[in-house]
Amino acid sequence: MSHQLSRRQMLHLATASAAGFGLAACGGGGSGTDTAGADGDSGKITVWSWTSAAEALRGVVPSFERDNPDITVEIQDVGEPAIWDKITVGLASGGKGLADVLHIGVDYLPGYLAKFPEGIADLSRLGADKHKDAFVEGLWPTVIGKDRAVHALPWEVNPLGLFYRHDFFEKADVDPASISSWDDLIAAGPKIRAATGAQLIGLDKPGTTQDMDFFQNLMQLQGAFYFDQEGKVTLASPEAIKALTVIKRLNDGGLLADTAGQGTWKRLISQGKLATAPEAAWAVGYMAEKFPAQSGKWRVMQPPAAVPGGGRSVIVNSTYLAVSNTSKRRKAAWRFIEHALTKPAEINRMYSSGSVFPALKAAYADPMFNAPHPFYGGQRVLKSLVDSLSSGSEATNFTSDYSRALKLASDAQSQVLLKGADPAGALKAAAAQLAQQTGRQQAA
Amino acid sequence: MSLAPPEPARTTGTVAATTNGGAGTPPGRRATPRPGRARPGRRRLLTRDSVPYLLIMPAVLGFAIFKAYPIAASFWISLTTGNGDARQFTGLANYRRLIDDPLFWTALKNTALILVVQVPLMLGLALLVALGLNSTKVWLRPLWRLGVFVPSLTGLVAAGVMFSVILNRDAGLLNWVLSFFGIDPVNWLGSPFWARVGVVLVITWHYTGYNAVMYLAGLQGIPKELYEAAMVDGAGPVRRFFSITLPQMRPILLLTVVLSTIGTLQLFDEPYVLTGGGPDNATLTVTMYLYNNGFKYFDFGYASALAYALALIVSVLGILQVRLMGERR
Chain U
2 MSHQLSRRQM
12 LHLATASAAG
22 FGLAACGGGG
32 SGTDTAGADG
42 DSGKITVWSW
52 TSAAEALRGV
62 VPSFERDNPD
72 ITVEIQDVGE
82 PAIWDKITVG
92 LASGGKGLAD
102 VLHIGVDYLP
112 GYLAKFPEGI
122 ADLSRLGADK
132 HKDAFVEGLW
142 PTVIGKDRAV
152 HALPWEVNPL
162 GLFYRHDFFE
172 KADVDPASIS
182 SWDDLIAAGP
192 KIRAATGAQL
202 IGLDKPGTTQ
212 DMDFFQNLMQ
222 LQGAFYFDQE
232 GKVTLASPEA
242 IKALTVIKRL
252 NDGGLLADTA
262 GQGTWKRLIS
272 QGKLATAPEA
282 AWAVGYMAEK
292 FPAQSGKWRV
302 MQPPAAVPGG
312 GRSVIVNSTY
322 LAVSNTSKRR
332 KAAWRFIEHA
342 LTKPAEINRM
352 YSSGSVFPAL
362 KAAYADPMFN
372 APHPFYGGQR
382 VLKSLVDSLS
392 SGSEATNFTS
402 DYSRALKLAS
412 DAQSQVLLKG
422 ADPAGALKAA
432 AAQLAQQTGR
442 QQAA
Chain S
2 MSLAPPEPAR
12 TTGTVAATTN
22 GGAGTPPGRR
32 ATPRPGRARP
42 GRRRLLTRDS
52 VPYLLIMPAV
62 LGFAIFKAYP
72 IAASFWISLT
82 TGNGDARQFT
92 GLANYRRLID
102 DPLFWTALKN
112 TALILVVQVP
122 LMLGLALLVA
132 LGLNSTKVWL
142 RPLWRLGVFV
152 PSLTGLVAAG
162 VMFSVILNRD
172 AGLLNWVLSF
182 FGIDPVNWLG
192 SPFWARVGVV
202 LVITWHYTGY
212 NAVMYLAGLQ
222 GIPKELYEAA
232 MVDGAGPVRR
242 FFSITLPQMR
252 PILLLTVVLS
262 TIGTLQLFDE
272 PYVLTGGGPD
282 NATLTVTMYL
292 YNNGFKYFDF
302 GYASALAYAL
312 ALIVSVLGIL
322 QVRLMGERR
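So the sequences go chain by chain: U and S. Per our numbering, the first sequence runs over residues 2 to 445. Per our numbering, the second sequence runs over residues 2 to 330.
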């Protein structure tokens with residue numbers, strides 16, 4: 002959810018005022034008996050989601066209610082990032098006040114499953130396992146809790162693409178086909194800048210938003226992340242150091258624009274000051290909608306490899322639908338999730354209305370995923386993104402301590418970009434702190 | 002504290018029942034107990050002594066239900082660790098962890114720095130503004146007063162968002178203004194030093210008017226006779242300020258200092274929106290760190306320990322300020 006992470010600087014006011022002493026309201030010793038849910042399969046269920054995704058879900062309700070006349074569905078647009086605080090507070094207070102169905106991002110789901118093991122309903126019990134192979138590779142491990150049961154179904158998946166200004170590349174006489182690694186792009190950067198005045202990419206250098214997608218993607222391209230598959234800390238691994246070194250080289254070469262502050266990235270793009278944008282699939286529609294004046298000038302290519310000859314496909318992030326364990330109508334809630342997320346017609350209806358890129362493999366058979374896109378000069382953009390998914394991507398182990406890792410990685414990146422720190426040194430210190438704070442071991 | 006009103010003369014709760022002609026009994030008329038009223042040995046609910054308790058009862062009940070329980074529960078949570086409802090008692094482990102946590106000390110240092118720099122700056126400015134607003138020479142005074150107070154009506158988040166636009170390095174209003182004076186663009190949010198300055202700017206903008214209005218009320222409460230007497234004695238404006246205005250304003254100055262100190266120690270919204278605590282934790286405050294631990298890392302035990310540490314610091318500083326600045330009896 003780059004579109005979630007990048008907006009995370011907006012204040013979580015609802016619970017911020019409850020910070021301090023008010024924390025007591027959370028995590029307190031709720032007994033559980035009064036909060037236990039029930040497997041009701043009729044009545045009214047509520048769904049928490051946000052903005053365009055909530056709107057997309059509303060489109061599914063009529064067909065669902067027609068097929069399930071005993072159930073009515075109310076979709077609530079809770080807003081993002083407010084939804085995380087609402088879910089966190091609800092789970093921490095024993096599940097009180099939660100909606101029946103919860104829309105959750107991959108950056109929160111493992112944390113919720115680990116820290117509130119009784120909070121999210123076991124969907125295996127309701128038959129979720131049969132959908133195991135229906136979704137893009139790499140997502141299923143994320144929905145499994147410590148109890149080995151399934152706790153959510155994947156909805157959205159965001160493969161990474163490198164969006165680039167085709168006209169800038171032409172002007173600078175750089176052949177996009179010649180770019181296969183970040184080394185190639187860094188080498189071409191000065192030519193592009195000389196010809197167009199544009200820097201290569203924008204990054205929030207002081208880390209005000211803690212949007213670390215770019216750094217993470219550079220690690221993921223090498224098959225690495227903050228944690229390995231066993232949950233050990235790998236924030237100081239050679240892959241992580243390589244990733245931060247790429248960012249440092251971009252910065253040292255004057256190819257990295259600072260996008261800190263409200264709306265800076267959008268402004269730089271609209272002014273033609275950025276030649277490329279490594280962004281997730283959701284940006285396909287977003288760019289076309291926000292920058293109509295640049296129609297025909299953009300193209301999308303596979304992301305360059307972090308190391309020459311390395312992998313070129315990455316899942317940036319993904320989102321899921323889960324059922325609150327305190328819901329009185331868990332079966333009804335599950336039926337809604339199954340209806341919305343496992344039927345290609347429904348999921349594609351949602352993609353068309355809300356740009357939520359589907360994780361359901363069967364959805365890609367729809368002709369729209371093979372159609373030329375006018376904003377991208379008639380390029381079959383969606384097809385190239387779908388192709389990158391089918392080339393396989395190993396599951397990323399976000400773990401329950403992702404937020405801490407994100408914060409420490411963001412600090413390390415800021416130290417490198419603002420204070421000229423050495424990537425290896427900054428990451429070693431961050432990894433040591435992460436291990437100390439989480440009680441996890443560092444990988445050898 | 003000097004703000005407390007003089008204690009009223011104590012009266013008995015059974016004036017009507019007194020037999021010897023109490024204070025309120027006209028001479029020559031014997032007050033006799035009437036049927037159905039208070040009898041000796043049985044206390045009435047509504048008496049002069051009980052009325053104040055009845056009046057404060059809603060607040061006390063509200064406190065007991067919505068504050069006392071969370072305060073006590075929070076202390077218990079600060080002594081535990083664990084997930085969800087499964088909490089294990091770990092004694093003072095969270096507090097020990099706090100002492101060894103470099104980020105806690107960074108947050109505390111940042112908060113202290115803002116406190117030491119921003120509070121005196123803001124209160125000095127507020128006093129100057131209040132003196133100006135109090136002057137009869139100022140034309141359209143209500144309009145000026147409104148203008149000074151309006152920033153404190155702005156939502157904290159809105160203020161943060163607005164300043165993140167104003168302080169933008171490349172397209173911000175402030176750098177645009179500075180460019181007219183030949184000053185190079187300042188990286189307000191990208192440099193640790195200037196990010197702190199930015200936070201100080203926002204808080205000062207937001208709260209100066211609020212304090213100025215309190216000072217204005219204080220200034221208007223000073224008896225004019227004092228100034229007249231001083232002028233007769235030949236005291237100039239500076240002497241009058243230091244010998245009359247400041248001493249008379251002491252209670253209200255103390256109030257604003259204590260409130261501002263507590264407010265600064267709980268600083269969250271503005272730096273959260275403006276800098277997210279960055280760059281490299283330069284504007285991380287204790288409350289923000291507390292929030293991160295509770296609502297991002299789901300570490301409620303540690304977050305509660307942070308809340309108690311903060312409460313302790315606020316209490317100690319508050320008591321110190323009252324002791325040092327309070328009127329000696």
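Please note that the accuracy of each hint is not assured.
Said to hold, decoys possible - DSBU-like, lysine-lysine: derived pairs with alpha carbons at most 30 angstroms apart:
{"id": "1", "chain 1": "U", "residue 1": "LYS420", "chain 2": "S", "residue 2": "LYS68"}
{"id": "2", "chain 1": "U", "residue 1": "LYS420", "chain 2": "U", "residue 2": "LYS45"}
{"id": "3", "chain 1": "U", "residue 1": "LYS97", "chain 2": "S", "residue 2": "LYS68"}
{"id": "4", "chain 1": "U", "residue 1": "LYS298", "chain 2": "U", "residue 2": "LYS267"}
{"id": "5", "chain 1": "S", "residue 1": "LYS110", "chain 2": "U", "residue 2": "LYS429"}
{"id": "6", "chain 1": "U", "residue 1": "LYS147", "chain 2": "U", "residue 2": "LYS298"}
Simulated from the structure, these hints should not be mistaken for lab results.
Here's how the hints hold up against the structure:
no.	hint	result
1	U/LYS420 x S/LYS68	violated, 44 angstroms
2	U/LYS420 x U/LYS45	violated, 55 angstroms
3	U/LYS97 x S/LYS68	holds, 19 angstroms
4	U/LYS298 x U/LYS267	holds, 16 angstroms
5	S/LYS110 x U/LYS429	holds, 24 angstroms
6	U/LYS147 x U/LYS298	violated, 48 angstroms
Going through the hint list in order, the structure does not satisfy hints 1, 2 and 6.
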